[in-house]
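The hints should help you fit chain V onto chain A, whose structure is shown.
Residues per chain, in single letters:
2 protein chains.
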Amino acid sequence: MEALKEEQTPFEMGVVVPKRIVDQIGEGCYDHCVKVVVDEFQKSGLIVDRVPGLNDEFLKLTAPVEILGKAAAELQLKKRTQIGVDLQFEWDEADAFIKQSDGSLFSWCERFRCYNHIIYGIVNEGNSAIVLKSDCRDVRWEPGERLLWKFEKEGIVKEVFPIHDEIKRKQLLKCWALNWWDLTNQPLDDIYAYYGVKIAIYFAFLGMYTKWLFFPAALGILVQLVDFGSLQLLVLPFFFVCIISWAVFFLQFWKRKNSTLLARWQICYSVGAESAYKYMDTEWSSFHSSVGSIKFEADKSEKEKFQREEWFGHMLRFRNDAIIILSIICLQLPFELAYAHFYESIGSDTMKFGLTAVYLFAIQYFTQIGGKVSVKLIKDEKNENSEYRANSLIYKVFGLYFMQSYIGLLYHAILHRNFMTLRQVIIQRLIISEVLENLMENSLPYMKYSYRKYRAVRNKRKREKGMAARKSYFNSRVEKEYFKPIYSASIGEELEDGLFDEFLELALQFGMIMMFACAFPPAFAFAALNNVTEIRADALKILAMYRRPVPRVAATIGAWLNIFQFLIVVSICTNCILLVCLYDREGNWNISPGLAAILFMEHVLLLIKFCFSRIVPEEPDWVKANRMKNATQAQNMCSKQLLRNISGRRGTLVTGTRTAD
Amino acid sequence: MEALKEEQTPFEMGVVVPKRIVDQIGEGCYDHCVKVVVDEFQKSGLIVDRVPGLNDEFLKLTAPVEILGKAAAELQLKKRTQIGVDLQFEWDEADAFIKQSDGSLFSWCERFRCYNHIIYGIVNEGNSAIVLKSDCRDVRWEPGERLLWKFEKEGIVKEVFPIHDEIKRKQLLKCWALNWWDLTNQPLDDIYAYYGVKIAIYFAFLGMYTKWLFFPAALGILVQLVDFGSLQLLVLPFFFVCIISWAVFFLQFWKRKNSTLLARWQICYSVGAESAYKYMDTEWSSFHSSVGSIKFEADKSEKEKFQREEWFGHMLRFRNDAIIILSIICLQLPFELAYAHFYESIGSDTMKFGLTAVYLFAIQYFTQIGGKVSVKLIKDEKNENSEYRANSLIYKVFGLYFMQSYIGLLYHAILHRNFMTLRQVIIQRLIISEVLENLMENSLPYMKYSYRKYRAVRNKRKREKGMAARKSYFNSRVEKEYFKPIYSASIGEELEDGLFDEFLELALQFGMIMMFACAFPPAFAFAALNNVTEIRADALKILAMYRRPVPRVAATIGAWLNIFQFLIVVSICTNCILLVCLYDREGNWNISPGLAAILFMEHVLLLIKFCFSRIVPEEPDWVKANRMKNATQAQNMCSKQLLRNISGRRGTLVTGTRTAD
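Which chain is which? The protein sequence lines are A and V, in order. Each residue of the first sequence is one higher than the one before, counting from 1 in the working numbering. Each residue of the second sequence is one higher than the one before, counting from 1 in the working numbering.
Careful: at least some of the hints might be erroneous.
Straight-line alpha carbon distances no greater than 25 Å define the calculated PhoX-like cross-link-like pairs of lysine-lysine that follow [claimed, not checked]:
1) A/Lys609 x V/Lys609
2) V/Lys19 x V/Lys35
3) V/Lys150 x V/Lys19
4) V/Lys257 x A/Lys609
5) A/Lys211 x V/Lys609
6) V/Lys257 x A/Lys305
7) V/Lys35 x A/Lys257
8) V/Lys158 x V/Lys609
9) V/Lys448 x V/Lys158
10) V/Lys460 x V/Lys35
11) V/Lys174 x V/Lys150
12) V/Lys305 x A/Lys257
These are calculated hints, taken from the structure and not from any lab test.
Just chain A, with the same shape it has in the complex (with noise of 0.2 Å):
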């Protein structure tokens, strides 16, 4: 029967309290709390089901179409409308906005935010605090208190979250993490309805990526395989240059991917470039916050503040990126290449196995603590919103992996021009430890799962014994949820979700296969290999092994972009370095001190030439606050006029080519 119930209305978020425990007095001490809950979550229109477990019981809840309008109405959330632009939304208007792929009015993303709306906008609307029985303890629950919040606080509730829609869990598992023969075809638009857009810009970005490396898989093992006689010198700078142009060209193309998605799921965000639609209301809104309502007109003293503010800002990042950037120079260089020298040096292959775990410990915990260093710094800094600062995290962690993946790599096949170890080790990263890192990610949640799923089992028989109705202990689906883990990044829990460590995997690898291209070519076909199984990896975790993951707003793969070009350019670099190892087998070649100082300081200015461009930007913050201001008073202000004509009650003004009415 429950079966059918949620047939009919999904219930999308669950809602966790302690049980009800029936303790000797035969009174159930959270009960009353429960049941405020409860009551409250039904006075505000939310379609409640409480479901026992083991410890906790479970609110799943649902909310009709009309009462999820009234809170995005309330949360002026902006939408697309039948014309095409974004204006916010309003119930009474319904019909003016476009409906998502799937027939609902709301996309999950959007339901989410209203969601929590109505969760978390519970208050005390009284005049005097209502008194609740807890615990055996009385909790206040003062005038305009949010009833949320306080629980939260108290423990009554344990957590919020989303919970999975089991029909469609099941259609996409189907359609997709169990449908191997597609390769890298995958059902993009239901992934979006079902996770929202920036996991679905994941696995399509995934998704092009290995589509695309088929051409360089193939070439490469073409360069490997076939002998071109006397034109052999050739051969690799001839596969070098195509790499770099397949690659130039594929992050190219990629963008233009990304802008078609969203146009086809009428997100408005330009790629790439700063657009004044670019989170438009975000930045706004924080804009108004931090300085509140400047008159940008005639007030030069308040331009200067505002300028004075930027330009802090700006230090203050800058002070974060030396940092990061001199600790990895001058503590995490040294240690890298201190290992490799060693795993160099040391002849017998127990010690290189020992100094290998030894260094494998080592590098958990410096990574752990870079991380936490990371986000500690930019927890200083001012970004404008969350995925700015998602963003500033992930360029200071990735330089950790960087050098941690590549420049052991680097020292075996410059210093020591060991192409056999720099193969070896591109071999054991690519296949071994991406079969492992997939077993593992795959197999650490199940096993989490399994811990906290047996941990709770046992308390409870701890708690029921001697009692009756031992045969409860079948898990609700919704408990099942619960059990599983959180879908977070391994680093930074609190900035970024588990995203951050599929979009490092793939950046690794790219970097990997890029920078040593031309010691390896077949590493291509691999890489290859590897992420077609990725796809469907992914995607079964993502389905079956954590919680339905939170949606996030950002529409683009945002740093990750920057990194894959800048590992393009690197790897010009180094392909060279190695192309001239590898020709110069005997060391003929030489190069006098003066022309390669010469030489590094070009590469050096190069470097800083394309970089530095990006510490001052283009416009002030000031002129981009006064253009957001402009356009968000002007939506503001003829919002709701242009609704009355898209619905069609009052159609005088309308003008030329309408889509719909």
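The following block gives chain V in isolation, referenced to the frame of chain A:
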């Protein structure tokens, strides 16, 4: 009396018609037509002042602000309102729009568009053709035909051109062109008000560039004059690094300054980024006209057609660029090298002089041909608007000049390590040629003006031989202006105005001082000195020597910014080579050919990385068109409603932070 009248309402447009020739029959042939034109002008609200000249008659035009306002409304001009957004102009709501800094409602660029709209908007509104007598033959003015087009075709209206406002011109002369002691400071707001945004942006750039030049100028002199003892070896590399950083920061801060200026002048246009706002109306109108009304939703085939067209356009542009680049490399490069080689190998000075004369003659011819070919190629391209077309031309022509200016110098420096010749040529180009060029620039238009005046007087004398009233040689001011040449580029008159030459001069100078910075550090000082005089000379030229230029809409320096950035990258490489040549006088430093080949490949690949990504646009055309359509539609729909709110008649929907009532 006439001077007094002019003070009240400055005449801003001039129309040239042939003078009434009182011939033997005693009747004016053109008289009828001129009378019709004047009548029609007066009918459409313009104030006309007829000024007789030597051979022609001049109609000076001006219009009250109401007439301009109505024309602006017909043109659907977008204009900044008090709340900061751009809306379609409506005369009834004129209060809602921001006034210019000089108190007038329209900027010069807007006024010019309105004048043109009024002048060329005169059509025969009757049902039957009107027969006009002209030059003893009849001209049929058909119904619906534009009067001015007809008359221009028939030669009855010789020219329509904007004329100077004497009072403002004299003010500018005093406070700008002749105000030498201000060095780099210029009254930019006044320049903007008088000449429009493009010319003001040029002078702002020139001023900022000159101001920034003082730093490397001082550094360059220091490096040249002071002996640093044991550190002497490190001085040039240090200078080199400073110069490159300086250039990078200069361009970045220029972008900021550009944004700031546009914000001050209330122009909506984001610098650098391909923003949605950029050229919105222009772009959209061209999309609209070329593609018609495409239904973007669901129509897959239409989308594909759109995409095919986009790629075809890219292919065409790519082909054209390839043609230009190949012809530069295959034709111009050998020629330049041959000249440099002969110059180096010939001993006698007379021969050298002769060779240079031949070379200069040939180069003139070459550049002419190159420019013509470029213009022809560009006409094939489907560039979205005239500014894109202008940029495309700039890139192509700059390629020619780049080879012409620098290849010879590099030849002297690298192959012959002949730094004396190099320095000689740099000094010669920086001082002598720029002084000569400035003189030429200022004297050539004056000579043209004098010649035209002389011819007119001679014609008149010839005609009036034996007649009375010989003392009417006095030219009216408008006639003097008519004799002045048009402010146009020396190459491709129809695509670019005189700013092309100015920017070209700046870019070539920038390239010269940057690319050979290490060979001759004091070059910066010469450039700074030269630019200080350049500011005033250009101001004088534009104020006194030429007709008032037609205002253009472009609000950035466009393609030149990219060229400056390209020059920085090139100068990194050339200075490295120069340093090698400077430090390695004896040729002891060597590099094996294999290594050299790989280094060469690396540089080519880096070039590919940073240039090829421009081939593929980030956003498909149809996505962009869709976005444009949406924005335009929304603006059109709510424009009237908003206006009413701003001008305060109906204050119901007005929210938040309004800046004025």
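Hint check:
1. At roughly 14 Å between alpha-carbon atoms, A/Lys609 and V/Lys609 fall within 25 Å of each other, so this suggested pair holds.
2. This hinted pair checks out: V/Lys19 and V/Lys35 have alpha carbons roughly 12 Å apart, not beyond 25 Å.
3. Between V/Lys150 and V/Lys19 the alpha-carbon distance is near 18 Å, which keeps this suggested pair within the 25 Å criterion.
4. For a cut-off of 25 Å, the pair hint linking V/Lys257 to A/Lys609 stands: about 20 Å separates their Cα positions.
5. Between A/Lys211 and V/Lys609 the alpha-carbon distance is near 21 Å, which keeps this suggested pair within the 25 Å criterion.
6. Using a Cα cut-off of 25 Å, the hinted pair V/Lys257 and A/Lys305 holds, with the two alpha carbons roughly 17 Å apart.
7. The hinted pair formed by V/Lys35 and A/Lys257 fails the criterion: a straight-line CA distance of about 62 Å is larger than 25 Å.
8. For a cut-off of 25 Å, the pair hint linking V/Lys158 to V/Lys609 is broken: about 52 Å separates their Cα positions.
9. With a C-alpha separation of about 18 Å, the suggested pair V/Lys448 and V/Lys158 falls inside the 25 Å cut-off, and the hint holds.
10. A hinted pair counts as satisfied when its Cα atoms are at most 25 Å apart, and V/Lys460 with V/Lys35 qualifies at roughly 23 Å.
11. Straight-line distance between C-alpha atoms of V/Lys174 and V/Lys150 comes to about 42 Å, which puts the hinted pair past the 25 Å bound.
12. Simply put, V/Lys305 and A/Lys257 have alpha-carbon atoms about 17 Å apart, close enough for the 25 Å limit, and the pair holds.
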